[in-house]
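Undergrad: Using the hints, build the complex out of the two chains.
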Amino acid sequence: MTQDASPPGRWELFRGFFAVGILGFGGVLPLARRMSVDQKRWLSPAAFTDLLALCQFLPGANIVNLAVSLGGRYHGPAGALAAVAGLLAAPIGVVIALGALYGRFADVPMVAHGVQGLAAAASGLVLATALRIAGPLRRKPRGIAVALLAFAAIALLRWPLLPVLAVLLPVSLLVHRRAA
Amino acid sequence: MSALLLSIALVFAELSFLAVGGANTLVPEMQRQMQAQGWMQPAEFAALFALAQAAPGPNMLVVTLVGWRLAGWGGAGLATAAFVAPAGVLAYAVSRAWERFRDARWRKVAQASLTPITVGLVMAAAVLLCEAAALDLRLLLVAGVVAGIMLATKLHPLWLLGAGAGLGAAGWL
Chain X
1 MTQDASPPGR WELFRGFFAV GILGFGGVLP LARRMSVDQK RWLSPAAFTD LLALCQFLPG
61 ANIVNLAVSL GGRYHGPAGA LAAVAGLLAA PIGVVIALGA LYGRFADVPM VAHGVQGLAA
121 AASGLVLATA LRIAGPLRRK PRGIAVALLA FAAIALLRWP LLPVLAVLLP VSLLVHRRAA
Chain U
181 MSALLLSIAL VFAELSFLAV GGANTLVPEM QRQMQAQGWM QPAEFAALFA LAQAAPGPNM
241 LVVTLVGWRL AGWGGAGLAT AAFVAPAGVL AYAVSRAWER FRDARWRKVA QASLTPITVG
301 LVMAAAVLLC EAAALDLRLL LVAGVVAGIM LATKLHPLWL LGAGAGLGAA GWL
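Protein sequences, first through last, are from chains X and U.
Numbering-wise (my numbering), the first sequence opens with residue 1 and increments by one.
Numbering-wise (my numbering), the second sequence opens with residue 181 and increments by one.
Excised from the complex, chain U in its bound form (with noise of 0.2 Å):
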């Protein structure tokens, strides 16, 4: 295995362990994993993280695109394998033991404990997504007004997606 799809393999078989509120809660690391191995820059992780937004299936396939970019189909299924495999089987695991635990005091202590982390974390996630993709007063505006309609109507999210890619291909960004 070359060097490169090794560090691939344990920079994301970590993030498998680090993800404690869902994938979103991840951004801030990838991002910064990426800046510091010298794979891409936030602009074009930003980017690639919108265009897993825009495809179907689970949000964490930015890690399949990630991999991709780096290193071709293999990057791709290994950087896929080895995030969703290590989480994969502690779930495997645990979900028989999981229903005798339904109504454990320690259960709900734990969700409130998560609960915050994973706010503070997908904030910071947002924070340093716009930072990264919203370069101007425009594109801010953008991101603004996309979470405002999201957070006032039930729009479904492929549409504003749609919106702002094609405001950006009219020129009008």
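Excised from the complex, chain X in its bound form (with noise of 0.2 Å):
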């Protein structure tokens, strides 16, 4: 791993992803790329996408999880909370104003129609990314199937997330396991 920069300090790591949490409207990744790779140089190009495939594997945000193993790695757990902490501050601070507004005003019909609007948009957005990540299974029938299985269970079916896990998760592995 080549590492041009000087390792980054604790308040170093909060800055970093503060910028990137409060300016990620829509997408925090390529963000989150930007800092670490091209301006502050903590992370080569290919050590970033290393990382970045942990966090896409290992449960939970993947941003989250990107900004614990970065300010892990730099100060252990201290770096970690530092890089959270940062990436979360702002947003938190937005999402509860915007939330405390819609509370506030939700009787208005201006602001409930507006809300409206805004779901049905906010729906549009999902739709297109799982349109998207969907794009590459196109000529894999497994990988359809298993991915029909997961809908039907969930969008159909209205079956609890944990016990679909456990039975497509081995499923899936096993369909899957001549893959590589």
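Don't take each hint at face value.
Unchecked claim - Quick list of the computed label-pair ranges, beta carbon to beta carbon:
id	chain 1	residue 1	chain 2	residue 2	range
1	U	Ala350	X	Pro77	46 to 54 Å
2	X	Arg178	U	Trp352	31 to 39 Å
3	X	Ala112	U	Leu317	13 to 21 Å
4	X	Pro136	U	Gly324	16 to 24 Å
5	X	Trp11	U	Gly254	24 to 32 Å
6	X	Ser44	U	Ala216	39 to 47 Å
Stated by the list, open to error - Under the rule of at most 30 Å between Cα atoms (straight-line distance), these lysine-lysine pairs were calculated in the DSSO-like manner:
id	chain 1	residue 1	chain 2	residue 2
7	U	Lys288	X	Lys140
8	U	Lys334	X	Lys140
9	U	Lys334	X	Lys40
If you're looking for bench data, these hints aren't it; they were derived computationally from the structure.
Glycine included, every Cβ here is placed at the ideal spot set by N, Cα and C.
TA: Take a look at the structure:
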């Protein structure tokens, strides 16, 4: 791993991820990459890709995992905490302010209708994400089958996620065991 | 700790471990839990999800907002910590060992196995959110057009959220 810059301090980790959090509208990962690879040079592009693969592999929010492992790499638990606190501080304030405004003015028809329109648009964004990540499965019948099973169990049958994952993860591993 | 705060902590700690493909894959389970616990209906959850999307930062913030809605600042802090800490500790413990497995075959198998599950779950999230938020034909049209524009252009999603909110506030939906 090549690192051009000296390792960041805890305060620098906090500030780096604070900028990612407050500027990260609709997708934080590209910003996190620009900050940690291009601007601060904490990681090489290859090291970032590798770390991201881990964070997507582990449970939890990918960007939080990224902050934890990057902060932890330099300063142990304190570094991990600094990075996560930086990442979440501003967004938590903003989201609660939005929630408070909505709670206060939910009875105003204009606000209620605005939030209805907002919610419809937000569901459209998730639909676009789903279709985009589904693209690479096109020529993979086993993958499509697993995806359909997951969809049917959750969206149609409304089964809880825990048992669905407990069954589907081993099944998917079994049908993909020669994937590599 | 009150019973409500305890249930909030338990629900979100469990969700933390179930988020196998990022926060979007959790939307259906969160929506289901909210209803099962008698905390809120799908439409309100969809509204909070949308507000969280409109805020900067990671899309897991719906967790914070739901906690706040249920139990104020304490609920917000607890839901966030319960959601972040378990997975965070795991990430912290594993990330040091990870580099050794860079080329391991099981990593590729695991990735190939997780991807289709993520696809199915995010698709389920999209359908359930549309069901809760797109209550009539016009709202459904908004969702469809937003998805189409997202896929066809590089327009920033915030513009689309703003357009949806604006159309709604103007009384056109």
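Undergrad: Evaluate each hint against the coordinates.
TA: Against the structure, the hints come out as follows:
1. U/Ala350 <-> X/Pro77: 46 to 54 Å: Since U/Ala350 and X/Pro77 have Cβ atoms about 50 Å apart, the given range 46 to 54 Å holds.
2. X/Arg178 <-> U/Trp352: 31 to 39 Å: 53 Å, violated
3. X/Ala112 <-> U/Leu317: 13 to 21 Å: 19 Å, holds
4. X/Pro136 <-> U/Gly324: 16 to 24 Å: Roughly 23 Å apart at Cβ, these two residues keep to the hinted range, so it holds.
5. X/Trp11 <-> U/Gly254: 24 to 32 Å: 28 Å, holds
6. X/Ser44 <-> U/Ala216: 39 to 47 Å: 46 Å, holds
7. U/Lys288 <-> X/Lys140: Holds, at roughly 15 Å.
8. U/Lys334 <-> X/Lys140: Cα-Cα ~27 Å, so holds.
9. U/Lys334 <-> X/Lys40: This hinted pair holds, its Cα atoms lying about 26 Å apart.
In summary, the structure is inconsistent with hint 2 from the numbered list given earlier, while agreeing with all the others.
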